[in-house]
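Protein sequence lines correspond, in order, to chains W and E. Once you know that position 372 of the first sequence is 372 in my numbering, the rest is easy, because the numbers rise by one and skip nothing. Once you know that position 85 of the second sequence is 85 in my numbering, the rest is easy, because the numbers rise by one and skip nothing.
No lab work stands behind these hints, which were simulated from the structure alone. All residues carry an ideal CB built from backbone N, CA and C; glycine is no exception. Some hints here could point you the wrong way.
Result set (DSSO-like, lysine-lysine): computed pairs, CA atoms no more than 27 Å apart in a straight line [as the list claims (entries may be wrong)]: (1) Lys270(W) / Lys187(E); (2) Lys270(W) / Lys189(W); (3) Lys320(W) / Lys187(E); (4) Lys192(W) / Lys166(E); (5) Lys166(E) / Lys61(E); (6) Lys212(W) / Lys168(E); (7) Lys189(W) / Lys212(W).
Now the stretches of chain W that chain E is said to cover, found in silico as 3 or more residues with beta-carbon under 8 Å [as the list claims (entries may be wrong)]: (8) 36-50; (9) 121-135; (10) 183-194; (11) 227-241; (12) 285-292; (13) 349-355; (14) 404-414.
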Amino acid sequence: MGRRSFLGLGAALTGSLALGGKPAIANPAQESPPADAPWSQSIGAGVVDRPYGRPADSEASVIRRNVPWLTAGTESSVSFSPLQELHGIITPNGLFFERHHAGWPSIDPAQHKLMIHGLVERPLLLTMKDILRFPQTTRVHFIECPANGGMNWRAAQMNSLQFSHGMVSCAEWTGVRLSTLLEEVGVKKEAKWAMVEGADGAHMNRSLPLDKCLDDCLVVYAQNGEALRPEQGYPLRLVVPGWEGNVNIKWLRRIKLGEKPWHSREETSKYTDLMPDGMSRGFTWLMDAKSVVTFPCPEKPLDGPGLYEIRGLAWTGNGKVKRVDVSTDGGVNWQAARLHEPILSKALTKFTLPWRWDGRPALVASRVVDETGYVQPTIAQLRAQRGSNSIYHNNSIQTWQVKPDGSVFNVQLA
Amino acid sequence: MYSSRKIGLLLVAVVLAAACARASAAEPGHFGYGSVATPAQIAGWDIDARGEDGTGLPPGKGTVDRGADVYAEQCAACHGTFGEGEGRFPKLVGGVGSLRDERPEPTVGSYWPFAPTLWDYINRAMPMPAPHTLSSDDVYALTAYILSLNDLVPAEFVADRNSLPKVKMRNRDNFIWTDPRPDTTAKPCMNACVNAADVRIASTAEGRNLTPRTTGPLDTMQPK
Chain W
1 MGRRSFLGLG AALTGSLALG GKPAIANPAQ ESPPADAPWS QSIGAGVVDR PYGRPADSEA
61 SVIRRNVPWL TAGTESSVSF SPLQELHGII TPNGLFFERH HAGWPSIDPA QHKLMIHGLV
121 ERPLLLTMKD ILRFPQTTRV HFIECPANGG MNWRAAQMNS LQFSHGMVSC AEWTGVRLST
181 LLEEVGVKKE AKWAMVEGAD GAHMNRSLPL DKCLDDCLVV YAQNGEALRP EQGYPLRLVV
241 PGWEGNVNIK WLRRIKLGEK PWHSREETSK YTDLMPDGMS RGFTWLMDAK SVVTFPCPEK
301 PLDGPGLYEI RGLAWTGNGK VKRVDVSTDG GVNWQAARLH EPILSKALTK FTLPWRWDGR
361 PALVASRVVD ETGYVQPTIA QLRAQRGSNS IYHNNSIQTW QVKPDGSVFN VQLA
Chain E
1 MYSSRKIGLL LVAVVLAAAC ARASAAEPGH FGYGSVATPA QIAGWDIDAR GEDGTGLPPG
61 KGTVDRGADV YAEQCAACHG TFGEGEGRFP KLVGGVGSLR DERPEPTVGS YWPFAPTLWD
121 YINRAMPMPA PHTLSSDDVY ALTAYILSLN DLVPAEFVAD RNSLPKVKMR NRDNFIWTDP
181 RPDTTAKPCM NACVNAADVR IASTAEGRNL TPRTTGPLDT MQPK
């Protein structure tokens, strides 16, 4: 386009705007198709009208939500991702579930530092600038709070996909491998454990075995291509792939290597699993394989008999999802669902299965098998092992009851 | 097409290259970014105390009486005068002997395995509105007070780096620190896995009225 015609276009645009943009809108009801809606007969908002951008106004209901009666306040609390409205394996940054223990801090990245010390050759203090210089790694991983589904241990309680499963989210994380940082400081041979600590008011801290740190942990500053959100640990967080959310320390400020674990409050009083015999399991880091049907679900009922696509998500802390089976009759018969690419390690994986609903009552459920052969258990199988007071790690099969009117309810089978 | 010999050589080259890259990266200070943390800097940041043996507990001490005073001022509003917990704020006492009950009550007295963890947690995370603002002595005093509220130490107890690791917590021996999972061994049966007549709904969330709404503005529902 030449300069002249470009200017001409500019003039034309200015002209139409100057006209005030109120063309006569024909009554759409009287128009023969294709009728033009008002937005097709007017000019839209220009570039940088929303310099960052946000979802369409009609999507205002698609937000993280909390359970106000669950916690004393919102600072040590949790919000749930609206899985019923999400269609991919990546959680948009504004919808990633939250769990804070002392609220989320507003950190000045110019002042944030990471200290690595303890049983190391060369203790280091790294600025964000320093951390950004290390070789980059990008990987997609889910993070799930081990209390996801905790409210359904005793019975089906939350009549909602968002509130029964929304403490899992998945993002593409970019940062530096923790092993690179540990090689840079030089790990002394007596070191067996790392204590990782956040810069929030909780000074959240957990112990991690050194083997895991050297295996696949990431120290990340970016989430889905942009800087971490403050709620997700801006400017720096740890990602511990496949392990419970709590160890993925946000606002990461310190890593200390030692010979033994620390047994912090968050790995003794909390994040331990009480068994019926009074014994408790500690250091239960792994997130076992889990899946859930995201359509239909209580928030997304069926609209009369006919052909539908059952949709859902599956994930496993063990690696990759191998197979997902779907049942519509309460687990009498199962059919293998289609897994959608990409199938990534320790990431959400999408599955679908076409289903002709005849309008009769149905019990819809999914069951994942992961690459280690581990099969997602029923709640009855889990309770037989752990009772119903262990709060964490409920990865049981979720059953949705579909009633003849298409409404959907969270139920548990005997 | 590559011959298997060529592929073999290629593999050797790749492995060697990877080994070299690793060897150099594994050298401490290879990148040279950042600054070496000085002992003074480390001392300022190094706040943790280990639960099991108290390693990292600082010098200083605190009595139960002093703890009662600080507690009344800084903690009681949320945790209750005697640790009974206001509203939904956590209880700091009680629940002893409840861990096998239908409704167990895990607290410092009934559940926590290690006393130094209490010092560490109060020091790093409490009081909730102003975390990590108390002196080490006051944290020792608060630890002593909460332990005494739970009848774990006598009224004349003085908490310090030597006494805390020796406090015998009630639930200390009831933790297994190696994960026994997987603890279920389901088989992925495909057909006639259960008798259709036996499929029964044991519980439903329908009508429970516990679920906040998932459309419109945020719900502010309170417990019924």
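Taking the hints in turn, this is what the structure says about them:
no., hint, result
1, Lys270(W) / Lys187(E), "violated (32 Å)"
2, Lys270(W) / Lys189(W), "violated (30 Å)"
3, Lys320(W) / Lys187(E), "holds (18 Å)"
4, Lys192(W) / Lys166(E), "holds (25 Å)"
5, Lys166(E) / Lys61(E), "holds (15 Å)"
6, Lys212(W) / Lys168(E), "violated (32 Å)"
7, Lys189(W) / Lys212(W), "holds (16 Å)"
8, 36-50, "violated (count 0)"
9, 121-135, "holds (count 11)"
10, 183-194, "holds (count 4)"
11, 227-241, "violated (count 0)"
12, 285-292, "holds (count 3)"
13, 349-355, "violated (count 0)"
14, 404-414, "holds (count 6)"
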